[in-house]
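S.K.: Residue numbers (the numbering used here), protein chains in the order written: chain D, 1 to 566; chain R, 567 to 705; chain S, 706 to 1028.
None of these hints come from the bench; they were simulated from the model.
None of these values were measured; they are calculated from a predicted model.
Every residue, glycine too, gets a C-beta built ideally from N, C-alpha and C.
Do not take every clue at face value.
Claimed, not checked - If we take Cβ atoms under 8 Å as the criterion, some of the chain R residues that face chain D in the derived model are:
(1) Tyr-611
(2) Ser-654
(3) Leu-660
(4) Met-661
(5) Phe-664
(6) Cys-665
(7) Met-667
(8) Glu-685
As the list claims (entries may be wrong) - Cross-link-like lysine to any residue pairs, in silico, SDA-like; alpha carbons within 25 Å at most:
(9) Lys-641/R with Phe-1019/S
(10) Lys-842/S with Val-625/R
(11) Lys-192/D with His-730/S
(12) Lys-822/S with Pro-588/R
(13) Lys-121/D with Phe-1019/S
(14) Lys-292/D with Phe-646/R
(15) Lys-121/D with Phe-646/R
(16) Lys-192/D with Leu-736/S
(17) Lys-192/D with Met-143/D
(18) Lys-641/R with Val-1005/S
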Amino acid sequence: MTTIDASRPIDLASRPDNYLTHTRGFLSWALTLDHKRIGLMYMVAVLVSFFVGGVFALLVRTELLTPGQTIPGVTADVYNQFFTLHGAIMVFLVIIPSIPAALGNFVLPIMLGAKDVAFPKLNLGSFYLWLVGAAFTLVSLAMGGFDTGWTFYTPYSTTTTTGGVIPVLFGVFILGFSSIFTGMNFVVTVHKLRPPGMTWFRMPLFLWAIYATAIIQVLATPVLAITLMLVVVERTINIGIFDPSMGGDPVLFQHFFWFYSHPAVYIMILPAMGIISELISVHAHRHIFGYKFIALSSIAIAIFSFLVWGHHMFTSGQSPLMNTLFSLISFSVAIPSAVKVFNWLTTLYKGNISLTTPMWYALSFLVLFTIGGLTGIHLATLNTDVHLHDTYFVVAHFHYVMMGSALIGMIGGLHHWWPKMTGKMYSEKLGTAACIIIFIGFNVTFFTQFYLGAKGMPRRYYDYLPEYQTYHVISTIGSYIMASGFFLTAYCLLSSLFGGRKAAANPWGGGSLEWQCSSPPPHDNFAVQPSVGDCYDFRSLRWDEATQGYVIDPALAAEAARNPLH
Amino acid sequence: MAHGNAHDSKHEPHPLVGHLVPMWILFAVGGALLVLTAITVAVRYIDVGEFNMVIALGVAVIKATLVALFFMHLKWDRPFNLLTFVGSMAFVILMMVFCMMDTAQYRPTQFVGNPPEVEATLQANAPGAPVARFTPYSP
Amino acid sequence: MSTLHTSHASAHDAHGHDAHGHGDHAKYPFLQHHFESPAHQFDSAKLGMWLFLATEVLFFGGLFVAYAVLRSRFPEVFSYASHYLDTLMGGVNTCVLILSSLTMALAVRFAQTNRRKAMVWCLVLTFMGAVGFMVIKYFEYTHKIHEHLVWGKTFYVPPQDAAGAEEAKVISTAPAPAPVALTVANPATPAVAPIAATPPVEASAIKAAAAAPGGLASVRQQAKAEGLPVAANDPAFAHPSMHLADPTMPANTHLFFAIYYCMTGLHGIHVLAGMVMLAWLIWRGARGDFSSDYFTPVDVGGLYWHIVDLVWIFLFPLFYLIH
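Can you make the complete structure from the sequences, with help from the hints?
M.R.: Structure follows, in C-alpha cells:
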C-alpha cells in the first residue's frame, strides 16, 4: 500500500498477502519483530489472563452468596487467596498491559504511518518478559499461593508463611520491566517516528493518551520494582526496614507502594480514554471537540497522578498535614478527566451517531466512568473516607473505573480495530447485545456494592453479618450476568473469524492513518510514509457499497482541502 | 548535529552522527572530578557542623553535573534528553519530600519509652525484649 | 479522511525511496528498516537509553528516599555508624570509578574517530576499573561481615571465631536467668528518670540483647548472671565486635547497615551488569563492529556506565562522609 490512490477502492482480492500470512510457522511468530504480530500475541495472552482472573472473581462472588462458608473446601484462607489472585492477575497481567501492549503495539506505528516501533527487538523482549512474569505467578500458585491482597501490605506480606509470596514478587518485578520497556519504546516512537506533517497537535488523541501513559510507565514502575525487592529482602534476610520492632516503619511500605500504584491506575485509564476519543469521533462522524484540551489533559493527568498517592493512606496513620495535601490535590486531578468527559459529550451533540458496537461501548464508558470518577471524589474527601475506607464502596469505585471504564474501553477498542486486525467483520447484533448484557450485569454487580460499602460491609472479608446477604446475592447474580455477557462477546468475536464478512480497509469511516491500509495490514504497513492532515476531518469520505467500507472521494477531498476546519 | 570540533579535526575522521568531545575536555573533567573527590574527603575530617553535609552533597552535585554534562554529552545533546534526566530526579525529590514531611509530622506521636511499671513487667516477662525507642523530635 | 496534501505527497515521492530512503539503507547495513537515516537511528537510540537511565534513577531513588527517611528519624545512628566505614577505601573506590568513567568516555571518542585499538584498550581499562572497584568492595564487605556489622538481628550476635568460641560455649550452656521480681515504681516518679538513670553497662546489655537471635535471652545478661566479666576490654571477651562492646551505640544502629548493604549491594549488582556489558563491547569492538559510522552501542553503553558512576558519586558522601 503506497500513496493514497483515491480513485479505486482497496481491492482485497489482489492483495492476499498480509501480516498474518506473510511468513508461516511457529518460529515466525515466536521470533517475530513485527509489532502487529506482537500486539496480537499480547492480546491473546491478556484475554486468557482475563479469563483466569475472571474465574477467581466468580469464585469470590459465589463464596459471598452466604455468610460463612459457601463453597465446600473454601475456607477463609482459601478465600483470601482467591481475591488476592483475582486482583494481582487483573492488575498486573491484564489491565496494565492490555491497551498499551496489545492494542497500542498494533495500532501505534500504523497510526503514525511508520514501519514499526522504535525498538522492535525490545518490543519482543517486553512480550517475553510478560510471559516470564506470568510464569512466575503460576509457580507461586504451585508453591502455595499468596493471600496478602494484591497490595502486599507489610507487615503481613513480610511475615506470612504462605509459600508463594516471593515468586509472585519476582513475577511482578519482571512484569514491571515488561511495562517499562513498552513505555520506553512508545515514547521514542512518538517522538522520532512521526511522519512529515504530523506535528504534535496533528496526532490522533489515542497517541497522546499512549504517550502520557508511557511517561507514567517509565517514571513510576521502577519504584514498584524497588519496593517489591525490599519486601523480598525483608522476607529473606529480615533487614527490618518495615518492621517496627527493629525500628522500621510499615507505613513507609505504603508510601513506596502507592507512589507507583496510584500512577499505575492512570496507566490503566489513560489509554482507554484515548480509545474513547477515537470511538466517539469516528462513530459519530464528527470532529472531536476540544482537541487541544483533551490532548493536554492527558499530560496533565499523567503529571498530577504522581502527586496524589497518599489518598490510599488516609487511615494508615499518615500525618494530618499530608492527608490534607493529598486530599486537596486529589480533588484537582478530577478536573482534567472532567474536561475530557465534557468534550466527548459535546462531540456527540448533533453528531451523526451510528449505533455500532464500538459506539455502544463508548456510551457505556461515559456512564460508568462518570459514576466511577464521581465516587472517587467521595473517597478523596477526608471525613467520608474515614467511614468508606476498606469497605465495598472502595471496591465498587475502583471496579467502575478499572473495569467499567478501562476494560470497557479496551473491549470497545478491540471491536473498533477488530476488522483491521483480523480482516473480518463480526455480527453487530451479537456485539451490541453482548455490550448491553455486560452493562446491565456490571451495574447490578457493582452499584449494589456502593450500598454495601456505605452500610459498612468491609472489603476482603470472607464472613459477614446476615443483614448484608441480600446485597451480596444481588451482586453475585449481577456477576453471572456480566460473565455471560463476556462469553457472548467472546463468541461474537471468535465466530467472526470463521464466518465473518471480509472487512473493508475503512469500515467505520475513520480518518487516522490506520484506515488507509488494507484490513489486515500488509507486513510493512506502508512502503512510503503517507502524509497527513486532520485525522478528525471526515468530510472527504464516502460510503462505498461494493466494499462495504468508506473510501476517499477526490472531489470531496478537494472541497475539504479548500475549506480547512482549523 | 555538529560533526566534530575544529580543534581536533586535523587528521581524525569525523563521526557520521553525534558530536566529538575534544580530548582536553575529557581529561580536564576527569582531573576536576579527582580533585573534588580529594577535597570532599579532606573536608570530612574538618568539623563545620551542619555545613559538612551541605558541602559533601554540594560537591557531589557538582561532580554529578560534570559527569552528566561532559562525559554523558548532555551539553551538546538534544534538550529533551536533559529534561528526561533532570525530570526523573525531580520525581525522586518529590517522593523524598512528601515522605519526609510525613515522618516528620508524626514524630511527636511516637513514644519515647514505657512508664516504669510497664517497663518492669515487660522485662520480667520477656527479658531483653526489643523495644523501639525514638528520640523526641525537636525542631 | 485526512485532507490530502498532494504537494507533500509528490514532494515526498520526488525524494522518494531511491534517492534518500533505500539509498541510505543500502549504504549503511546497520540502518534498520524503520529509520530514515543513521542520524535518525542514533538519536532514537540515545533517547531510548536516556529513558532507561531515568528508570534507573527512579529505581535507586526509592532507596535514596528510604535512606532520607531513616536518617531523618535516626540521625545519631548515622553519625555513629558511619565511623565503621573506611573513608579512605571509599575515596579510593570513588577515584577508581571516576577514572573508569574517563576511560569509557575516551573509548567512545576513539570509536567515533575510528581508532579501534585505542577504543578496545580503553574499554579494557574501564573493565579493569570495574574489577578493581569490586575487589575493594569485596574487602570492605568481608571485613564487615566478619565483624557482624551487618543488617538485621545478626548485628547483635557476637561473631564466633577461635578465641570467642570457648566463651560462647560456656554462655550457651548456662541456664536461663530467673525472671526479675516485680517492683512497681512510685507513680509520681517521672517516667524518663529511671531509664535515664540506668548505668551504661546495663544499657548496653539490654541493647545487645535487643535483637539477639534466640529472641529473648541476653548473652551478656546470662554472662553477668553467671558472674562472667562483661567489660569491653576484658580478655575473656577477647574478640567482641567493637559495636557490641560500645556502650554509646545508639538503638537501631543495625538500620544503618541494612540501608548500606541494600544501596551499595544494588550498586554492586549494577557494576557487575556493567562488566558484562563491557565484556560484550570489548568482544564486538575487537571484532571490528564499531567505526566512526556506527558506534552507537559504545556510546549508549557508556551512558549506562556513567550512571553507575553517578550513583556512586552520591552514595559516597551519604555513607562515608558523614561527620
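S.K.: Check whether the Cα positions of Lys-192/D and Met-143/D lie no farther apart than 25 Å.
M.R.: violated, 45 Å
S.K.: Hold the hint about Leu-660/R up to the distance rule: shortest CB distance to chain D must be less than 8 Å.
M.R.: Because about 7 Å separates Leu-660/R from the closest Cβ in chain D, which is inside the 8 Å limit, the hint holds.
S.K.: Holds or violated: are the alpha carbons of Lys-822/S and Pro-588/R at most 25 Å from each other?
M.R.: holds, 19 Å
S.K.: Does Phe-664/R pass the interface check with chain D, least Cβ-Cβ distance below 8 Å?
M.R.: Hint holds; Phe-664/R Cβ to chain D Cβ min 7 Å, cut 8 Å.
S.K.: Would you check whether Met-661/R satisfies its interface hint, that is, whether its CB is within less than 8 Å of any CB in chain D?
M.R.: Nearest chain D Cβ about 5 Å off; hint holds.
S.K.: A closest beta-carbon separation below 8 Å is what the hint needs, so does Tyr-611/R meet it against chain D?
M.R.: violated, 29 Å
S.K.: What's the verdict on Lys-292/D and Phe-646/R, does the C-alpha distance respect the 25 Å limit or exceed it?
M.R.: holds, 22 Å
S.K.: Holds or violated: are the alpha carbons of Lys-121/D and Phe-1019/S at most 25 Å from each other?
M.R.: violated, 33 Å
S.K.: How about Met-667/R: closest beta carbon in chain D under 8 Å, or not?
M.R.: holds, 6 Å
S.K.: For the hint on Ser-654/R, does the least C-beta distance to chain D fall short of 8 Å?
M.R.: holds, 6 Å
S.K.: Does Lys-121/D pair with Phe-646/R here, judged by a C-alpha cut-off of 25 Å?
M.R.: Between Lys-121/D and Phe-646/R the Cα gap is close to 24 Å, so the pair holds against 25 Å.
S.K.: Between Lys-641/R and Val-1005/S, does the CA-CA distance stay at or below 25 Å?
M.R.: holds, 16 Å
Hint check: violations occur at hints 1, 8, 13 and 17; the rest are consistent with the structure.
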